[in-house]
Amino acid sequence: MPDPFTFDLVSPEKLLLSENVEMVVVPGVEGDFGVLIGHSPLISELRPGVIDTYTDNKVEERIFVAGGFAEVTGERCTVLAEEAMPVEDIDAAKAETRIAVAREALVEANNDLTRAKAQAALAVGEAMVAACVTSA
Amino acid sequence: MPSLKDLRMRIDSVKSTQKITSAMKMVAAAKLRRAQEQAEAARPYAVRMERMLGSLAGSMTSSTGAPKLLAGTGKQDVHLLVMMTSDRGLCGAFNSSIVRDTRRMVAELKVDGKEVKILCVGRKGWAQVRREFAPMIVDLIEGVGRPRLSFDDAQGISNRVLEMFEAGEFDVCTLIYNRFKSVIAQIVTRQQLIPFAADELDAGENQADANSTNYDYEPDENEILEVLLPRNMSVQVYRSLLESNASEHGARMSAMDNATRNAGEMIDSLTLNYNRTRQAFITKELIEIISGAEAV
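Residue numbers (this note's numbering), protein chains in the order written: chain A, 1261 to 1396; chain B, 1184 to 1479.
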């Protein structure tokens, strides 16, 4: 069994989670990656998705993040999330409305900036729904 | 000499003013506590963001093609000042000290022949400068932080600034806000947002931290920086909003405390005056009666 290390999850408004875990799986932009103690230092951007923390070889917590950054050093892993909530708190109906709103915005978008924003919002909504489905 | 009735009325009016100021003081104290807690809660994110950015910027300085937000536009001709004041008054020198510093900065920049633009956050500061600086004021953002200051408020402001930057409307952006030192002391602070300048306070330890580890980047440094820099700007704005918010309540609390004390003093002196007048009146009546009786 691997040794535990410190995992911090912070949003701009507060420190959401700070505890010792054995492994975390983080959704990086270039694919999910698992972090164990002694991981080489890494800074990665995150895509919308679910962070899993493991203790005793079991999934301890599942937290949805709408993007952000992860900083990994040998003895800790820090995630700066844009928006975060436990998977069980996701409201599927709300996620669906987010997708609908984002689709509308995408249709109405008339320049690159607004289009990119709408696309990002759409990705967040879709990831939320996906998170709901896998947990159910 | 005022009549007894006039004095009584004045005492009553000062008393009711005192009730209002002491209530405002208590409200400000409660809000201050909440604002401080919020500022406390936001610290971990800001600290870690700073650390990450410090290590990134450290590895970037050598290579060219750094994002504009970090390197600047290469010019320093147009300055944007973001002036953070409150929407409400009755908070002592809170707003005027910001306005005073803005005036000074505008004068300095003018001497150097720079163009200045001002973005006002909060009505009170805007009201003080709108005539004087009318052609420079870009916009007024009001109603920030109601009912509760959230990260979205900060993002709104920083997006606004970013849009202007992308459109090439300015080269350098500086925030002017009140930093919360204690309930009675707020420090007017200028903070450069664009191009990015690491906070002097934490820069030392960040540098040490950044040099000790060599990070891998995923995707590469440039792409991360491009997302991280605007993000960091929102965080900086959020932080200054929180500081400014706490300062406002602190300033209001001490201003209302003073007002309450002054009202108390005024009531004392008015009451003394009232009693003296009453005594004099009674004495006068007695003298009249006695001299009347003597005459008979």
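Rather than coming from a laboratory, the hints here were simulated on the basis of the structure.
No residue lacks a Cβ here, since even glycine has one placed at the ideal position from N, Cα and C.
Wrong hints could be hidden among the right ones.
Said to hold, decoys possible - Derived EDC-like pairs (lysine to aspartate or glutamate); straight-line CA-CA distance at most 20 Å:
id	chain 1	residue 1	chain 2	residue 2
1	A	1377	B	1406
2	A	1377	B	1471
3	A	1377	B	1220
4	B	1214	A	1348
Claimed, not checked - Here's a subset of chain B near chain A, in silico, CB distances under 8 Å, partners left out:
id	residue
5	1400
6	1453
7	1457
Evaluated hints:
1. A:1377 x B:1406: Since the Cα atoms of residue 1377 of chain A and residue 1406 of chain B sit roughly 17 Å apart, the hinted pair holds (cutoff 20 Å).
2. A:1377 x B:1471: Not satisfied, since the Cα-Cα distance of roughly 90 Å exceeds 20 Å.
3. A:1377 x B:1220: Not OK: residue 1377 of chain A and residue 1220 of chain B at ~32 Å, beyond 20 Å, violated.
4. B:1214 x A:1348: Judged against 20 Å, a Cα distance of about 33 Å means the pair is violated.
5. 1400: Where the cut-off is 8 Å and the nearest Cβ of chain A is about 5 Å from residue 1400 of chain B, the hint holds.
6. 1453: violated, 49 Å
7. 1457: violated, 54 Å
Violated hints for the displayed structure, listed by number in ascending order: 2, 3, 4, 6, 7.
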